[in-house]
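Enquirer: Spelled out, the chains give:
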Amino acid sequence: MPLAGSLDIRGLLEDAPTVTLTDRELHVNGVDILQVMYELGFSAVEALVPAALNPTIPPVVGFLVYQAAESEFGPFSLVQVRLTARAGVRPRAYLVSACCDSPAAAEALSGSWGYRIRPAEIRLRRFHDRVDCTVISNRQAILEVGLVDPTPITGHDIQYPPGMHLARIDDEGTTRPRLIQVDSEYEFRRADRGRPGLGTFNPAAWGDDRLIPVEPVSASFASCDVTITNVRYICNPDIPASEGTQNVGSK
Amino acid sequence: MEFGIFMELSVPRPWTAESERQVYANALEQVRLADELGFDYVWAVEHHFLEEYSHCSAPDLFLTACAMQTSRIRVGHGVVACVPQYQSPIRVAERAAVLDILSGGRLEFGTGRSATWTELGGFRANPDETKKTWDEFVRVIPKMWTQERFSWEGRVFSMPERAILPKPIQKPHPPMWVAVTSPGTEIDAADRGLGCLGLTPGGFKESEARVNTYRARIENCEPVGDFVNNKVHTVNFLSCSEDGDHARRSGLKVASMFSYMASQLLSAKEVLPTNSYPSAGLLPALRRESGGPGDAAKSFKGVTMGTPDDVAGAIRQWEAIGYDGINFIAQFMEVVPQQYVLDSMRLFAEEVMPQFKHSSKTQPVSVGVA
Chain A
-13 MPLAGSLDIR GLLEDAPTVT LTDRELHVNG VDILQVMYEL GFSAVEALVP
37 AALNPTIPPV VGFLVYQAAE SEFGPFSLVQ VRLTARAGVR PRAYLVSACC
87 DSPAAAEALS GSWGYRIRPA EIRLRRFHDR VDCTVISNRQ AILEVGLVDP
137 TPITGHDIQY PPGMHLARID DEGTTRPRLI QVDSEYEFRR ADRGRPGLGT
187 FNPAAWGDDR LIPVEPVSAS FASCDVTITN VRYICNPDIP ASEGTQNVGS
237 K
Chain B
6 MEFGIFMELS VPRPWTAESE RQVYANALEQ VRLADELGFD YVWAVEHHFL
56 EEYSHCSAPD LFLTACAMQT SRIRVGHGVV ACVPQYQSPI RVAERAAVLD
106 ILSGGRLEFG TGRSATWTEL GGFRANPDET KKTWDEFVRV IPKMWTQERF
156 SWEGRVFSMP ERAILPKPIQ KPHPPMWVAV TSPGTEIDAA DRGLGCLGLT
206 PGGFKESEAR VNTYRARIEN CEPVGDFVNN KVHTVNFLSC SEDGDHARRS
256 GLKVASMFSY MASQLLSAKE VLPTNSYPSA GLLPALRRES GGPGDAAKSF
306 KGVTMGTPDD VAGAIRQWEA IGYDGINFIA QFMEVVPQQY VLDSMRLFAE
356 EVMPQFKHSS KTQPVSVGVA
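As given, the protein sequences belong to chains A and B, one line each in that order.
Residue numbers are given in my numbering: position 24 of the first sequence equals residue 10, and the series is strictly consecutive.
To convert, count from 1 in the second sequence and add 5; that's my numbering.
None of these hints come from the bench; they were simulated from the model.
Quantities reported herein were computed from a predicted structural model and do not represent experimental measurements.
Heads up, a few of these hints could be off.
Interface residues of chain A toward chain B, partial, derived using beta-carbon atoms under 10 Å [unchecked claim]: (1) 72; (2) 143; (3) 184.
Just so you know, even glycine gets a beta-carbon here, dropped at the ideal spot from N, CA and C.
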């Protein structure tokens, strides 16, 4: 059998978001998305994701940056640190943590979809020869990541697997730990691909100091409309997703 | 119809000092039996770094062992990765020729390009380039085999004039194939006069369309070699027993585990935006088909599992839509006992194989003679 996750989630649950399941969707037009991927070292490959998930070989970290010029919360930026994984046979990305520069957006994303978010200053700058993103928390850069030498591609060549977010589900006054599957739909307007670049990355600041990027993989930049759909699947984090997945919505 | 067995050489954890040796020993026992029973081919994959899924990184060595222990069955490179970071086309031509000699002219030469980031990234190969490098490999390798001396100034590699030795025993050269998973590769195969080595289980309708496309295109091909290998094979799972329920349970163990493990692979397309892989080929197909280990409900139509009559019925369906052969996966991750695999092969050979053995429609033809 493939390697199975063995992440100890007990500590993570203490400050995990509490989610109330609803039919809420979030639609945001004109989102710029930077995705930069790096292979990680193998030393903790099984310990990086919960038991419900299988790590990929090699493990890959994705830095996923959204910058929305307009939304129901006003402008906001969101940066996620995610790990490639499998839920049963399906490609997924386990959310390690995220940063957001809008308290209103952070509250909505956390409460409805289980984004583990803390506030940060986020700068995404697009040039003709590169795209740069900087995340600053407590006056320190905790991530400097980017794309070099963009060249146009079709957006359909880019894959953003659904996220798996560790949260507590509010269930009539009690809470249960669950992985929330976060599905998003993308309507691409333009897309580029380039070389990945990573300046600063402080893994401890993102919640897991075992995340050591070792090998560049890819970088893409896209402009698109994004819909985060209502939550349809949740998953018991302690048992394999093929056994512990529950359908909680429809679309 | 022709029949083969398909070897991934998967090695389940926990790994001991004996694990890999035992998997290789079991596989060789299956090959010896297949040779005795009248199977036409043994195919061995080339994969690198795919933990558990396949520990078959030197298929030419494995196939040499197969050839040394058999007398009739054809030995298939299924398939050689035509990626220069993996190996030079010169070395591919040399090693394949040695295998052809040692097997007494029984080599079938399959070509491909890898689809996982695990492999391509491991060699720091560029997934954008693999179609192009494959094209140059298949263009030059038959020339290396047939020309006394060979020189080349190409895009992927170049060399001054040298004799590439030894030459294959089969003249003009061994039959050539390409692995077909991504949509459209059947067209690549047909246009170059290559056999179509299907690796994706799929529905009859989609499969028939691809076979028809291949047959139509190959009529006007410009073969890369000295003859056209007009054959279409597919892959299937073999589990044959007089107890049909037992056969289906055992076969679905193999199929489900194969699909589950394949789905764990990290495809190049998943982490690198590239149009070189229009779909990830085998992987999304298997994700559609699989519900995970133990999920007996999901198996693709036409699966060759059950009683001899069940298996023969399924094969007739594949034959009817134009396939010339089926290569069987009979074991994966050692999930069924070795004795069951051997018994299943024996029963297949006794009860099913004779019903199809004289209905082969196509044979390799020399260029200009067809």
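Enquirer: All hints, please: hold or fail.
Expert: Results for each hint:
1. 72: Given a least distance of 6 Å, the restraint on residue 72/A holds.
2. 143: Check passed: Cβ of residue 143/A comes within 4 Å of chain B, closer than 10 Å.
3. 184: With a closest approach of 15 Å, the residue 184/A hint is violated.
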